Each structure stands twice: as structure tokens, then as C-alpha cells.
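Student: Protein chains in written order, with the UniProt record's numbering: chain A, 1 to 598; chain B, 1 to 598.
Derived from the structure by calculation, the hints contain no laboratory data.
Restricting the straight-line Cα-Cα distance to at most 25 Å, the calculated cross-link-like pairs of lysine-lysine (DSS-like) are:
| hint | chain 1 | residue 1 | chain 2 | residue 2 |
| --- | --- | --- | --- | --- |
| 1 | B | Lys332 | A | Lys514 |
| 2 | A | Lys332 | B | Lys514 |
| 3 | A | Lys65 | B | Lys65 |
| 4 | B | Lys332 | A | Lys178 |
Just so it is clear, the structure is predicted and the values come from calculations on it, not from any experiment.
There are 2 protein chains.
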Amino acid sequence: MAYRTPVADMVFTLKHVAGLNDMIAEGAYPDLSDDLVDAVMQEAGRFNTEEVAPLLSHSDVHGCKLEEGQVTTPPGWAALYRAWIEGGWNSLTGPEEFGGQELPLQMASAAMDVWNQGCMAFALGPTLTMGAVEALDKHATPELKAKYLEKLVTGEWMGTMNLTEPGCGSDLSGMRTKAQAVGDGTYKITGQKIFITYGDHDLTDNIVHMVLARLPDAPAGTRGISLFLVPKFLVNDDGTLGARNDVEAVGLEHKLGIHASATCTMSYGDNGGAIGWLVGEENRGLACMFTMMNNARLMVGIQGVGVAERAFQMARDYALDRNQGQSVGAPKGGAMEAIIVHPDVRRMLMTMRTLTEVIRSISYRCAHAIDRTNAAIASGNNEEAKHWGERAGILTPIAKSFSTDTGTDVASLGIQVHGGMGFIEETGAAQLLRDSRIASIYEGTNGIQAIDLVTRKLPLSGGTAIKEMLIEMGGWTAKASQSEDETLAMIGSEMNESVEDLNFTTEWLLAALKAGRMEQALAGATPFQRLFGLTLGGVLLIKGAIIAQELGDPSAEKRLAMARFFATNLAPETAALMDTVVNGADAALDSDKVLAAE
Amino acid sequence: MAYRTPVADMVFTLKHVAGLNDMIAEGAYPDLSDDLVDAVMQEAGRFNTEEVAPLLSHSDVHGCKLEEGQVTTPPGWAALYRAWIEGGWNSLTGPEEFGGQELPLQMASAAMDVWNQGCMAFALGPTLTMGAVEALDKHATPELKAKYLEKLVTGEWMGTMNLTEPGCGSDLSGMRTKAQAVGDGTYKITGQKIFITYGDHDLTDNIVHMVLARLPDAPAGTRGISLFLVPKFLVNDDGTLGARNDVEAVGLEHKLGIHASATCTMSYGDNGGAIGWLVGEENRGLACMFTMMNNARLMVGIQGVGVAERAFQMARDYALDRNQGQSVGAPKGGAMEAIIVHPDVRRMLMTMRTLTEVIRSISYRCAHAIDRTNAAIASGNNEEAKHWGERAGILTPIAKSFSTDTGTDVASLGIQVHGGMGFIEETGAAQLLRDSRIASIYEGTNGIQAIDLVTRKLPLSGGTAIKEMLIEMGGWTAKASQSEDETLAMIGSEMNESVEDLNFTTEWLLAALKAGRMEQALAGATPFQRLFGLTLGGVLLIKGAIIAQELGDPSAEKRLAMARFFATNLAPETAALMDTVVNGADAALDSDKVLAAE
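Generate the whole structure from the sequences, applying the supplied hints.
Tutor: Here is the structure:
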């Protein structure tokens with residue numbers, strides 16, 4: 001059986017679990033109808049199943065090559081990208097003024113889920129462009145917008161983010177790349193950036209680099225960093241391409257996965273300085289960059305979702321096809337049966353499928369909170385904007401970290417289902433593990449996400465923001481546990497224990513922060529983040545099961561079975577995570593002797 | 001800081017946690033002294049640190065090549081192997097009559113831990129040879145032994161195991177390779193075998209293939225399989241090499257990891273039939289093969305231990321070296337500090353180091369049970385032999401599965417500690433994940449180990465064998481919890497909860513088996529296996545901490561800190577696993593709707 005984009009499942013989650021349909025019903029998107037959502041998603045699914053997904057292995061085998069400063073992508077890649085932007089897929093969220101469709105981020109997220117199922121290395125590039133569009137739209141001058149934004153919105157050109165330097169990754173305070181005002185409104189940029197995703201390629205005629213650098217008089221640390229737009233080719237006033245700018249890819253990383261995504265070392269100013277334009281105010285570059293990074297974190301989380309879906313389908317199809325052994329109770333010496341009959345294989349596949357639905361739900365729900373925030377800002381409702389902004393702030397690190405860790409776990413289970421074939425590269429299962437592994441690292445490692453969650457997001461509105469979420473989660477588990485459906489009632493009561501675990505742990509962390517026990521709180525940040533993801537995920541499965549039942553949706557029984565599996569097989573871990581956070585911090589910090597070299 | 005074999009830590013675990021010193025004290029090994037153990041292990045450590053470990057990345061980059069039926073290994077590999085066998089490292093456990101040193105399997109296990117730290121792909125080959133030695137020693141005719149055994153014991157020649165065929169992996173009943181008696185005591189072997197580790201290479205002049213095949217009159221299924229010795233080159237009566245046999249490597253797999261270990265497709269009899277000799281009785285080949293596989297399972301478990309140790313050291317050294325951010329409470333804007341100051345990094349490293357000690361302890365303890373069994377058999381003590389044989393039977397699937405799953409988890413954490421550098425192949429962290437991933441699959445997937453544990457090992461002696469283990473574990477937690485040392489007492493009482501979880505789950509599974517609820521028992525097999533590994537591992541950490549304290553060993557504080565970290569941060573998972581086994585089976589089996597294609 002060949003891979004197919006599971007459009008119906010995704011659309012249900014988008015409309016009913018994330019909440020897009022409520023927003024449509026409330027009139028937040030006058031141009032968007034229920035049917036249009038279906039049509040867009042079906043076409044995305046078709047394009048992906050037919051055009052993107054078949055190139056997955058090809059892209060890994062060919063990878064990218066760097067010769068004389070120019071990166072070439074795998075054969076067929078440029079044509080695929082061209083067809084993809086002609087389908088309008090790059091412009092889903094961009095501003096209408098510059099050719100965008102201004103669709104909700106929820107739809108862009110579901111579409112990104114689709115492309116990541118097809119090929120994560122392909123889907124990654126447009127994520128960066130999307131970030132560049134947001135930063136320019138919010139912070140650039142009208143002149144810069146006029147010159148660059150439409151090309152980026154349509155995907156005619158692509159964007160990059162240039163933060164990292166050899167001595168400066170998670171901590172940007174040590175940044176050394178320099179910018180010097182020329183006097184004509186431009187700047188000369190000199191320095192070296194590393195790990196630049198899609199830093200160079202042959203998919204588009206031009207590439208728009210968003211580069212962080214220091215002005216000569218800038219304060220030390222992160223308050224002295226400015227953001228610059230540095231195009232690969234200068235752009236004439238009529239929009240045609242001019243001279244090549246003084247920026248070049250000088251190195252290409254040899255990576256574990258996503259081989260078709262060029263990770264470049266970029267050299268700026270080897271011949272006097274690359275010409276750049278300031279975006280936003282001087283020394284406020286970090287704030288501008290965070291505009292780019294925030295949604296990028298969600299998009300990285302969605303990479304985990306897409307890879308998990310592909311890994312699940314690959315493993316499920318193999319398990320249906322591969323005969324080995326017999327089912328329990330079959331007559332001895334009878335024919336071998338498909339390995340999907342074995343309980344342990346079913347456990348693995350149930351885990352893969354259910355976790356995929358969980359991280360999809362969390363990620364779409366995060367996009368929903370961002371859409372709500374934007375809608376509230378647009379309508380001038382400050383209270384709503386604050387509420388949903390905080391909600392989005394809490395959900396973003398969870399969507400990023402839990403989805404990416406889970407994506408890798410699911411990909412690894414996919415290898416296991418394949419047995420020996422899983423270790424053979426041609427099978428494709430191993431590539432999904434190799435590809436997905438980066439997602440827990442880039443756009444802020446998952447450890448950094450956990451620090452953000454505990455130290456900045458938990459305390460929002462004095463802890464009220466997170467407590468409101470807990471109350472909502474408790475509402476769903478209560479509704480389930482009061483159901484006349486015995487299975488649903490059991491699920492509700494099991495998941496309610498997880499909500500209580502999360503509640504207790506949240507209170508403990510808030511108290512630790514208040515008491516200044518920062519190291520203890522930080523020691524529990526990663527297990528807390530996972531506890532949050534598991535609990536929220538189980539609650540969203542309940543939500544999906546209840547709504548599917550109410551609507552008589554064909555997925556109702558499936559969603560109930562997933563919620564049941566999750567509640568009884570995966571959710572019990574929450575109690576252990578609570579224990580770890582609450583009782584384990586001091587032992588985790590008492591590490592000097594254990595970590596000393598022999 | 002460069003990697004170094006942690007000999008002192010390993011020797012303590014070997015002597016005191018596994019129990020080698022007790023056996024030496026009891027006189028089980030008259031030629032072995034406490035000092036000799038130290039000397040052997042120190043020399044192994046030196047050879048590994050200086051000779052094997054530096055070739056790790058080199059072996060991955062070069063890999064193996066197949067040209068005209070001949071596999072070549074990476075440059076330098078053959079010289080390394082030659083030096084290694086000249087050091088006597090291949091002959092540690094072989095029979096004295098054929099040049100072996102007859103050292104305990106515990107020492108061979110610790111040595112194998114050493115070589116796997118150096119390079120898993122290198123350590124893997126001799127594991128197969130070791131299996132061939134055991135099978136021939138137990139089952140071959142005196143003539144075959146005289147011709148082959150000494151060369152295999154010294155490592156002058158290497159051995160292979162040929163089981164798998166395209167349609168026949170975990171289930172060997174469908175095997176098709178044929179053997180036909182020639183009439184002169186030899187057999188003609190024809191057929192194709194896949195996934196043959198070290199199937200061909202240039203390390204030795206000859207390779208001795210142990211091949212499963214069917215005789216013409218053999219019963220169907222696994223009771224009709226016989227074992228044959230098939231040399232790459234025929235051996236003359238004077239021991240010199242004769243004609244090339246009709247066996248050839250015709251394919252080489254392109255794998256996720258262990259690139260320097262050639263995984264071959266072997267073709268037997270393309271030109272009339274490869275000449276082979278029967279080993280053991282006709283149609284009893286599977287029993288002979290299990291002689292090879294049993295210890296091989298432990299050796300695969302030890303691959304997880306070795307890789308975990310290397311991954312830990314690599315990550316720890318990086319965390320000491322890489323400056324990024326500041327510690328809690330440091331003055332703002334001060335210098336960046338090594339990332340090991342961050343609580344989340346310390347948690348990762350503590351997890352890596354503690355889990356490495358756990359799986360080392362379990363694996364050495366498994367070797368100890370096998371040594372006890374062999375000693376009891378040698379001294380004719382049937383009761384002891386039965387007791388320790390059952391103990392070894394229980395420990396083997398746990399040592400195999402828990403150590404390999406954990407090895408991969410630790411390797412993946414190692415990538416995470418490295419941040420973006422972890423995804424770059426040259427760093428080396430990614431290779432450890434790629435290498436280790438196969439260990440959960442080969443020599444019986446970890447799912448197969450779990451089935452073995454639950455359906456064959458749990459019921460040994462009516463469940464008494466496993467209950468005796470639980471009582472012993474409870475003895476250690478009781479001793480700890482009664483200690484005057486408050487920390488130790490807390491650890492004992494925490495770990496005792498895990499022992500109770502394991503106890504309850506064991507009883508539940510035994511009852512399910514008795515009631516014929518086989519599918520339910522099998523659905524919980526994998527979580528039960530992990531529950532067993534975690535509980536036993538925590539208890540062995542306690543044992544190590546108590547004995548180190550009693551002996552005033554310099555590792556005492558470190559071992560206590562590890563036991564504390566484990567008890568409060570990792571052991572809480574056991575309650576969740578109990579829940580999953582006891583309450584989750586029906587939901588895991590209710591998979592039809594969830595796993596159906598959209």
C-alpha cells in the first residue's frame with residue numbers, strides 16, 4: 001500500500017479539535033467557509049501524495065552539493081518547488097497587499113503537516129521564508145516591503161534566518177558579525193554565520209537573508225544586535241536582479257538527516273562587505289527576530305507531526321504485508337500471518353498512531369491560539385488578545401518540544417516494526433529517524449523550550465494563564481467521566497488523574513519560582529514540559545472523541561479507541577513525571593561526583 | 001578531553017555488583033585472582049583507549065566495500081584485528097584444549113563492554129566467532145573440532161551465523177536453504193542467506209560459516225532444520241587452506257549504522273553446491289543454533305552498554321568545553337560558562353551516566369548467572385545448575401532488550417547535549433545513535449525478547465524462579481531502607497515501591513497466563529520487560545552503593561548519588577508501567593479501527 005495524505009482525519013482535527021470551525025462560525029474569516037477548508041486541504045493532500053511524497057528517499061540519497069559557492073539541490077527539486085509555489089502553497093498566510101491569501105495559521109499549519117509528511121527537507125525551506133515575511137511585514141520600511149515582500153509571499157524568492165555563529169548559538173550575546181552604516185541608508189555586513197538552513201540553493205533566482213549583526217556603537221550583549229536584510233543578488237528599482245552581493249556559501253554541513261536541506265556556512269563581506277538594509281530599529285534586532293522565530297517554533301513542532309504520520313503509515317503498511325509467525329491460538333504449523341496480528345506489534349502501531357494524533361492536536365491548537373490572538377488584535381479587543389496571546393505563549397514551547405521529541409520516538413518505533421529491514425536505508429524508515437532528530441534541537445533546543453515554559457510562561461498573569469488552561473482541561477475530563485458511555489467515563493476519570501498531576505506540579509513549580517528556588521525549578525523543566533504535553537494531548541483526544549460522537553462523524557469509534565489507549569497505556573506516565581519534578585530536583589543537581597572523569 | 005576506558009568503575013561493578021569476587025573467593029576459578037582481574041582489565045582498557053577507540057569515526061566513514069565477491073574493511077582495520085588477537089583478546093573464554101583461556105564469561109563481558117566503547121562495528125565480529133566456538137565445542141565431531149576450533153578460538157579465523165532468508169527472519173519455519181548428503185560425510189549446501197554479519201571480510205584468511213539448512217527428508221517447520229559448518233576455503237588435513245568453497249558474498253547492505261561491519265547476502269552453491277559438514281544431529285540444528293544465540297543475546301545487550309559509555313563521555317566532555325549562557329545567579333552580562341552548569345544539561349548527563357551503570361550492572365549480572373550455571377554443571381550440582389540456569393534465562397532477555405533500548409536512548413540524549421553540533425556527522429554523537437539502533441533488532445527483536453520473558457521465563461519452576469529474584473531485590477531495598485544513612489534509607493524505600501510494582505505485575509501476568517489470557521499477557525510483554533529492567537537496575541545501584549560504602553571504595557559517594565538520582569528521577573516510571581500492563585492490554589488490542597487506512 002502506498003502512502004496517502006490522511007486528509008479527512010486532519011481536517012476533523014483542524015475544524016473540531018483545534019477549533020477552526022468555531023472561528024469560522026463566529027465570522028472571524030468572512031472569506032473562508034467549511035467547504036473551502038475541505039477543498040484546500042484535499043488539494044494539498046493530492047499534491048503531496050502525488051508530487052512531494054514520492055521524492056522523499058530521492059532527496060536523501062542525492063542531498064545537496066556545494067560547488068564554487070553555489071548549492072545545487074537534488075534533481076527534480078527545483079521543478080517540484082516551482083509547481084508548489086504555482087499552486088499558491090507558499091502564500092497561504094501572507095498579507096493580501098503583497099499577494100498573500102491571509103488564511104488562518106491553523107490552515108497553514110495543517111498544510112505544513114501535509115508537506116512534512118511528504119518530505120521534511122522540502123517543507124523546511126518555506127518555513128524560513130514564512131518567518132522572513134512576518135519580520136518584514138511587521139518591521140520593515142515601506143520601501144523594503146515594496147521591493148521584497150511580494151516575491152517572498154509568492155515564493156518567487158526564499159528567505160533565511162542568520163543567527164548562529166561558531167561561539168554563539170543558544171546564547172546570542174557573544175555575536176560578532178558587524179554592520180557599518182555606509183551613509184546612503186545601506187550597511188556593510190561582515191562576518192560568518194553557521195548552520196544556515198537553505199543558506200544557498202538553486203530553487204529561486206534570489207535569496208533574502210535576514211541577518212543579525214552588531215553596529216559599531218552597539219551596547220554589549222543581546223541589546224546591541226540589529227537585524228538586516230541582505231539579498232543574495234541586489235535588486236534594481238524596477239524589481240529586476242542586479243549585481244551579486246558580497247555573501248557566499250563557503251561550507252555545507254554533512255548531517256545525520258534532512259540531506260536535501262542545505263545547511264550552510266555563510267560568509268558575509270569577504271570582498272569589502274555585503275550590502276544590507278536595516279529592518280526595524282537599531283539594536284532591536286532580537287525582538288524582530290523573535291517575530292520570525294515564534295511561529296517557526298510551531299512549524300518545527302509540526303515537522304514532528306508530519307514525520308510521525310509518515311512513519312506510522314510506513315510501519316502499518318509493512319506490518320500488513322510482512323508474514324512472520326502466527327496469531328495466538330492459530331493451529332500449529334499453519335501458514336504464517338501478517339505481523340500486525342502480534343499484540344506487541346499492535347502496541348507499537350497503536351502508540352505511533354495515537355501519539356501522532358496527540359501532537360497534531362496540540363500543534364493545531366497552538367495555531368488556533370495564535371489565530372485567536374491575531375483576530376483579537378485586529379478587532380481591538382485587548383483583553384482577548386492578552387488571554388490568547390498568553391495561551392499561545394504557553395502552547396508554543398509544548399507544541400515545539402513535545403511534538404518533536406514524539407516525532408523522533410514514533411520514527412524510532414517505525415524502525416522497530418520493520419525489524420531487520422528497518423536498519424536498511426532503502427526501506428526508508430531509518431531516514432525518518434535521521435530527518436526528525438534535528439527538530440528537537442533547532443529553533444531553540446527542547447531544553448531551552450522547557451526553560452521558556454517554566455520561567456517565562458508559567459508565571460504569565462501571575463500563573464492565571466496556565467490555571468485557566470488546567471480548568472478547561474478539567475472540564476473535558478469531567479464531561480467525559482460523567483458520560484453514560486462507560487468507556488468514555490473511564491477515560492475521563494483516568495485522564496483526570498493526569499490533569500491533577502499537572503495541576504499539582506504546576507503549583508509546586510510556581511511556589512519554587514516564588515521562593516527563588518530557580519535551580520530546582522529548572523531541573524524539573526524538561527519532565528514538566530513532557531507532563532504538560534501528555535496531559536494536554538490526552539485531553540484533546542477526549543475532546544475529539546466527544547465531538548466526533550456528537551456529530552456522528554465516521555471517525556468517532558476510532559477516536560474513542562485512541563483516547564482509551566492513551567488513557568490506559570500512555571497517560572500513566574504523568575504521575576511518574578510529577579514525582580520526578582517534585583522529588584527529583586536535588587538529586588539531579590547533585591551531579592559533581594557522578595559526572596567527574598575517572 | 002579524550003575518551004578513556006573507565007576501567008576502575010567497570011572492575012568494581014564486575015567484582016562487587018555482578019559477583020565475580022564471590023566466585024573467586026569460593027574457589028570457582030583457581031587460576032584467577034583479584035589482581036589478575038585488574039591486570040587483564042587494565043590492559044584491555046589501554047589497548048582500547050589507544051588502538052580501537054581512535055578508529056571509531058574512521059570505520060564509519062570508510063565502511064566496507066564489496067567487489068567481485070570480496071569484502072574489504074576500512075584501511076587499518078585488518079592490522080587492528082591482528083594486534084587484537086595477538087593480545088589474546090579473542091580467546092578469553094574458549095576451551096583450554098584449543099588454546100582458550102577459559103576465563104569467566106563475566107570477564108569476557110566486561111572486555112566486550114570495553115571493545116564496544118571503542119567501536120561497536122569492530123566488537124561485533126568476534127561475538128559471532130565466540131558463538132561458533134560454543135556451537136562447535138558442544139556439538140561438533142572430534143574431527144571438525146580438531147580442524148577448526150583452535151583457529152576460531154585464537155581468532156586466526158572468524159565465524160558467522162547464517163539463519164535469515166528473505167521470507168524467514170524471526171520465524172525460521174519457512175527456511176528454504178537445502179543440504180544434500182554427498183555420501184562421503186559431506187553435504188552440498190544450496191540457497192541464499194541475508195543479513196549475514198561479517199559474512200565476508202579481509203580480516204582473516206578463512207571464514208567459518210555456521211549455516212542452517214534443510215535435509216531432503218526433513219520434517220516441515222523448525223524441527224526439520226540442521227546446522228552445517230561451511231568454510232570459505234576448504235581446509236586440508238595438514239591445516240593449510242585448500243580450494244575456495246562454493247559460497248560467496250553477492251550483496252552488501254547499505255545500513256543506518258555499523259558501516260564497518262559487512263552485512264552480506266551470501267549465496268551458497270551457485271556452482272553445484274557449497275561443501276559443508278553436519279554439526280550435531282540431523283534436524284537438531286535449531287538447538288545447536290540456540291547454543292550460539294543465547295550468549296550472543298547478552299553480547300548484544302553489552303553493545304548497548306558500550307555505546308552508552310562512549311556517548312556519555314562524549315557528551316560530558318562537550319558540556320565541559322562548550323561555553324553558552326550563564327549559571328543561575330551569575331551576574332548579568334558576565335562571561336559565558338560551560339553548559340554543564342545548566343540544570344537541564346546536568347539532568348541529561350546524570351540520566352546518561354546512571355543508565356549506563358544500570359545496564360552494565362544488569363549485563364554483568366546476567367553473565368554471572370551464566371558463569372554460576374556453568375560452574376554448577378562442572379561440579380555436578382544439579383540443583384544449583386537449575387537455579388542459576390533459570391536465573392540466566394530470566395536475565396538474558398532483560399540484559400538484551402533493556403540494555404539495547406537504553407543504549408539508543410542514551411546515544412540520542414548525547415546528541416541533544418551537543419545541540420546543533422550533535423546533528424553534524426563529524427561530531428561523532430550521531431554515529432553512536434546510528435550504530436546502536438540495530439541492537440534492539442538483531443539476535444531477536446526486543447519484542448521477541450519480551451515474548452520469551454513472559455511466556456517462557458516467567459513460568460519457570462511454576463513462577464518460583466522469578467519470585468526468588470524478587471525476594472532478593474526486596475532484600476537489598478530492605479537493607480537500604482533500614483540504613484542509618486538517611487539518603488540510603490530514602491533510596492531503599494523509593495526502590496522498594498518499584499519492587500512492589502514488579503511483584504504485582506508479575507503476579508498479574510502469571511495469573512493471565514494461567515487463565516489462558518495469552519493475548520492480554522503478550523500485549524503487556526514489552527512494558528513488563530522495561531519495568532523489570534528499571535527495577536532490577538535500581539536495586540543493583542543500591543547494591544553497588546552499599547558495598548562501596550562498606551568497602552570504603554572511592555566510588556562510594558558517586559554510587560550513592562547515582563542510586564539517589566535513579567530512585568527519585570527514573571524509578572517512578574515503574575508504577576506507570578505496572579498500570580499499562582495491568583489496565584492497558586484490552587485497549588492495546590482494540591486496534592482494528594485505529595490502524596485501518598483512511
